[in-house]
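Number of protein chains: 2
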Amino acid sequence: MNEVRCWVNGEPGARVNVAERALQYGDGLFETIRVRYARPEHLGRHLQRLSAGCERLKFPPVDWALVRQELEELAGRQEDAVLKYILGRGEGGRGYQAGSELKVTRIACIHRLPHWPSNPDQNGVRTRICTTPLAIQPLLAGLKHLNRLEQVMARSEWDDQDVAEGFMLDPDRQLIEGTMSNVFIVAGGELLTPELSQCGVAGVMRSVILDLANTLGFKARIQPLTLDDLKAGQEVFICNSLAGIWPVVHVAGIGEFGIGRITRQMQMAAQAGANEDSGNWYKT
Amino acid sequence: MNEVRCWVNGEPGARVNVAERALQYGDGLFETIRVRYARPEHLGRHLQRLSAGCERLKFPPVDWALVRQELEELAGRQEDAVLKYILGRGEGGRGYQAGSELKVTRIACIHRLPHWPSNPDQNGVRTRICTTPLAIQPLLAGLKHLNRLEQVMARSEWDDQDVAEGFMLDPDRQLIEGTMSNVFIVAGGELLTPELSQCGVAGVMRSVILDLANTLGFKARIQPLTLDDLKAGQEVFICNSLAGIWPVVHVAGIGEFGIGRITRQMQMAAQAGANEDSGNWYKT
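Quick mapping for you: the protein sequence lines, in order, are chains A and B.
Counting in the working numbering, the first sequence tops out at residue 277, every number present.
Counting in the working numbering, the second sequence tops out at residue 277, every number present.
To be clear, the hints were calculated from the coordinates, so they are not data collected in a lab.
All figures in this text were calculated on a predicted structure; none of them were measured in a lab.
A hint or two may mislead.
All copies of an identical chain are treated as equivalent in the list; a pair is satisfied when it fits inside any one copy or across any two copies.
What the hints assert, rightly or not - Below are the SDA-like pairs computed for lysine to any residue, each with C-alpha atoms no more than 25 Å apart in a straight line:
| no. | residue 1 | residue 2 |
| --- | --- | --- |
| 1 | 77 | 88 |
| 2 | 212 | 180 |
| 3 | 77 | 7 |
| 4 | 77 | 10 |
| 5 | 51 | 152 |
| 6 | 96 | 149 |
| 7 | 51 | 125 |
| 8 | 96 | 163 |
Same shape as in the complex, but just chain A (with noise of 0.2 Å):
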């Protein structure tokens, strides 16, 4: 039942050969992606998420449309799950040194979508702030890459499975991110959320946020936060691609939150408009 399929370079097969530098190096790039109805969720932001992370990281030549092709594919074989995929530079160099000559990975694995008893979407989350800071590096900021033994180690602070979340700081204690999703501050009607050039993941889920707000007419801006600023929130919630949105309704020494019409709003509009994306962008 609780069974992964995976496929790499289009075989089914979840063996990689150890000279493949995504494991000596954590060089490679990974996706998230929901499948609803047969249809991986929001793919377009997900392949120009990828593409810019290869080109910041100088990757080989991807094949966007095998990719795309290869993502719908799979997505086809089920109604609901996870489509984890991760493209990793290829497999040997002279040590940290690529070459020219490498061939792009591709490894794709199908997961269950994972149980949630306590409804977070519905019931909102708990969540605390980590001690592991996120270091500052603007080469890889924004990027879902693989190196993430930040998160790890931020993920390792707690047990406690009420908790759902924990949020990162960076060094100067400004909020940057949950090690899993982005976080969302409500204040005076406006969606605030932090700014991500220096450390952090940029969420497929947290662009989609950003644009759902501009057509519901709802200010939005990016900017540094603390957690002066997430207290003063007069609802806070996190997102991903995999969860949608859930509602904040504790963090730990900071406070309580009730669950506002806002975020329900959000929720609501995320929802609706999970399919409506996923146009041709690598063509043009």
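Given chain A, put chain B in place with the hints provided.
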């Protein structure tokens, strides 16, 4: 001729499961060990760093007697080689959360010793300064972990085969290390090497040199260093477990350096002491 032989958890083979966290998150550590006279050089120091890394990253328990046995056995199959050894946290976990039931994955590969036609240990090497910064992350500083995108990016800054190494700075423009080496500056008869509590990898050869300097009666100091300190150096050398010690004769934009008496003395001492420290530290 260019064959690489690998073992995964003691079994011959070069394939790992895609669920391995070393691949998914760079959640692992590695050592690059020089095999000389069929023995893993400085094995005790390599194991010590690996074990310190496992502790810092809160790894599941590791059978260190088995690891040592494996490394000695694999090294015993050739006179002269490179033994790269990866410890991944294991397969699975729930997202970033590792869980306590994981079993560490051991990946060992034997490579041929790289061929350096220019005799860099005799003739010295040309180097440059990289623009890719090393992020400040005290939680990971010093460790040889698998999150190495910064080194990959830095190494991608040049193609010129005459340039052997690039130096990396932290965001405050402190000199930290080379992409694949540590650096020493000789000034006023003293050996200076950068402090690595905020970023960088604390190399095994670096620790060998610090101890040798002590034995030979040189003062060696670990301290913050800048490009001005580099420029003012009478001698400069870089080191790692594979190359040993390479004199630096040129740093682009900084200046030329002679190959000095202290560098030569350290080279000779390092070579002589290569096989002296494979003690049974793990038994104590």
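Structure-based check of each hint:
1. 77 x 88: between (27 Å within a copy, 11 Å between copies)
2. 212 x 180: within (10 Å within a copy, 59 Å between copies)
3. 77 x 7: both (13 Å within a copy, 23 Å between copies)
4. 77 x 10: Both. Shortest intra-copy (19 Å) and inter-copy (15 Å) distances satisfy the 25 Å Cα cut-off.
5. 51 x 152: between (38 Å within a copy, 14 Å between copies)
6. 96 x 149: This pair counts as between: shortest inter-copy Cα distance 16 Å, intra-copy 34 Å.
7. 51 x 125: between (29 Å within a copy, 13 Å between copies)
8. 96 x 163: Classified as neither; 35 Å inside a copy, 31 Å across copies.
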